[in-house]
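A.B. asks: The primary structure of each chain is shown beneath.
Protein chains: 2
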Amino acid sequence: MRGTKSHAVVLLSGGVDSSTALALALRDGHVCHALTFQYGQRHSAEVEAAKRIARSMGVSDHRIVAAHLGELGGSALTDRALPVPKGRTREQIGSDIPVTYVPARNTIFLSYALSLAEVTASDYIYIGVSAVDSSGYPDCRPEYIEAFRRLAALATRRAVEERAPQIVTPFIKKSKADIIRAGVGMGVDYSLTVSCYDPDAQGLACGACDSCLLRRRAFADAGVPDPTVYQPGVKFPGR
Amino acid sequence: MRGTKSHAVVLLSGGVDSSTALALALRDGHVCHALTFQYGQRHSAEVEAAKRIARSMGVSDHRIVAAHLGELGGSALTDRALPVPKGRTREQIGSDIPVTYVPARNTIFLSYALSLAEVTASDYIYIGVSAVDSSGYPDCRPEYIEAFRRLAALATRRAVEERAPQIVTPFIKKSKADIIRAGVGMGVDYSLTVSCYDPDAQGLACGACDSCLLRRRAFADAGVPDPTVYQPGVKFPGR
Numbered sequence: 002m003r004g005t006k007s008h009a010v011v012l013l014s015g016g017v018d019s020s021t022a023l024a025l026a027l028r029d030g031h032v033c034h035a036l037t038f039q040y041g042q043r044h045s046a047e048v049e050a051a052k053r054i055a056r057s058m059g060v061s062d063h064r065i066v067a068a069h070l071g072e073l074g075g076s077a078l079t080d081r082a083l084p085v086p087k088g089r090t091r092e093q094i095g096s097d098i099p100v101t102y103v104p105a106r107n108t109i110f111l112s113y114a115l116s117l118a119e120v121t122a123s124d125y126i127y128i129g130v131s132a133v134d135s136s137g138y139p140d141c142r143p144e145y146i147e148a149f150r151r152l153a154a155l156a157t158r159r160a161v162e163e164r165a166p167q168i169v170t171p172f173i174k175k176s177k178a179d180i181i182r183a184g185v186g187m188g189v190d191y192s193l194t195v196s197c198y199d200p201d202a203q204g205l206a207c208g209a210c211d212s213c214l215l216r217r218r219a220f221a222d223a224g225v226p227d228p229t230v231y232q233p234g235v236k237f238p239g240r
Numbered sequence: 002m003r004g005t006k007s008h009a010v011v012l013l014s015g016g017v018d019s020s021t022a023l024a025l026a027l028r029d030g031h032v033c034h035a036l037t038f039q040y041g042q043r044h045s046a047e048v049e050a051a052k053r054i055a056r057s058m059g060v061s062d063h064r065i066v067a068a069h070l071g072e073l074g075g076s077a078l079t080d081r082a083l084p085v086p087k088g089r090t091r092e093q094i095g096s097d098i099p100v101t102y103v104p105a106r107n108t109i110f111l112s113y114a115l116s117l118a119e120v121t122a123s124d125y126i127y128i129g130v131s132a133v134d135s136s137g138y139p140d141c142r143p144e145y146i147e148a149f150r151r152l153a154a155l156a157t158r159r160a161v162e163e164r165a166p167q168i169v170t171p172f173i174k175k176s177k178a179d180i181i182r183a184g185v186g187m188g189v190d191y192s193l194t195v196s197c198y199d200p201d202a203q204g205l206a207c208g209a210c211d212s213c214l215l216r217r218r219a220f221a222d223a224g225v226p227d228p229t230v231y232q233p234g235v236k237f238p239g240r
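Protein chains in written order, with the working numbering: chain A, 2 to 240; chain B, 2 to 240.
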């Protein structure tokens, strides 16, 4: 029905981890269906980044789904009345669940991925979460992913009648520096990606939110020049 | 913060089961947050029904979320090129997973409910699924719900820091006739509900899809007059 090639759904946010996951899924030989969400995030520049990345990797099936998490509220990423924390130390990042946490975001994203996997007869769902270099979100932990695997095995017609999709998390135990090194080896152009939670109107990164700080540190650790274009006047402390 | 009253999210489709679940959640004493999806379903008359029901029960927080399942495809409920099966027998209904199955629908709905439960500090999520009188959907089975419970215990900040929401399925082992009897006892006005998968432009029920047939039979079994308004000329075989 779909030929002999294997198919994979890849969650693509437009950041470093998901872009590298897409490169890996392609290298693994899958026909890839990229899935990006417009969810009311203040950093919707990442949706444009996702489009550039899918295009640059030759992925022709790229779905942008409007998921109205912003209407439910509860996060600095969707509610402009809540400020994004800036200038936190490495010790602070990951020590708590920050206000940038979006309630049940990965569960909603993975649920749509499950739906798209069924529709495209995909046996794989790639998600580039890392439990090592994360912002401390509960839905990036290995035990959470494991619970979603068990759900996916029961949730769909395809799981019941044929087989459940595998939830592939290649970076769950990797640092962001490891991910970047892997991506460079596969030719990922990180200048196309956006990580900043609070970019300006031109899409330039703030250099101070948790995501900018994690990204910048990871490029330094990987020994790879950071291609991010920061807003004018951004100063970084010495690492 | 929220006073001493308990809060509950209730998935409300506008049909018999979810309307009865809402009545039950109210009777259980919860402040209820009703959640309905506009997901590209051809029977969007049910969204209007959900609004009437929430209003009739005095529920002031009713969220209608646009979830673009139709864009992913794969179901007769969202794709008008696929006909809705009509006139199937009781033996046929439930013997397979029919084309009205929407890929991963309950997973997507429950994921949004999880998000709303976190935002509203709700300790309960009510979903009116029945494994007895269902259309044969995989995501109405008890083992599926059990897997979602385990996921919900790990997925959110609230689950990690306070407590996970309970997934309440009061009708999982009930027939639709049982549900109707319970609802009549709580004063549910079923004339406000819509079950038909394929209503006409006026919202009148076709009388022949699986959902109409299950509904009609359930009212008869419960000994309750069916208040559904059917399209002109609908004829029912003797039961």
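Worth flagging that the hints you see were computed from the coordinates, not collected in a lab.
Hints may be right or wrong, so weigh each one.
Unchecked claim - Selected chain A positions facing chain B (in silico; Cβ < 8 Å):
id, residue
1, V66
2, I109
3, L115
4, V133
5, A148
No residue lacks a Cβ here, since even glycine has one placed at the ideal position from N, Cα and C.
A.B. asks: Would you mind marking each hint as holding or not holding in the structure?
C.D. replies: Hint check results:
A distance limit of 8 Å between C-beta atoms decides the matter here; for A:V66 the minimum to chain B is near 5 Å, and the interface restraint holds. For A:I109, the suggested interface contact is upheld, since its CB lies about 4 Å from the closest CB of chain B, less than 8 Å. Because the smallest distance between the Cβ of A:L115 and any Cβ of chain B comes to about 4 Å, under 8 Å, the interface hint for this residue holds. A least Cβ separation of about 18 Å between A:V133 and chain B goes past the 8 Å threshold, and the interface hint is therefore violated.
The beta carbon of A:A148 is positioned within 8 Å of a beta carbon in chain B (closest approach about 4 Å), and the interface hint is therefore held.
Hint compliance for this structure: hint 4 is the single one not met.
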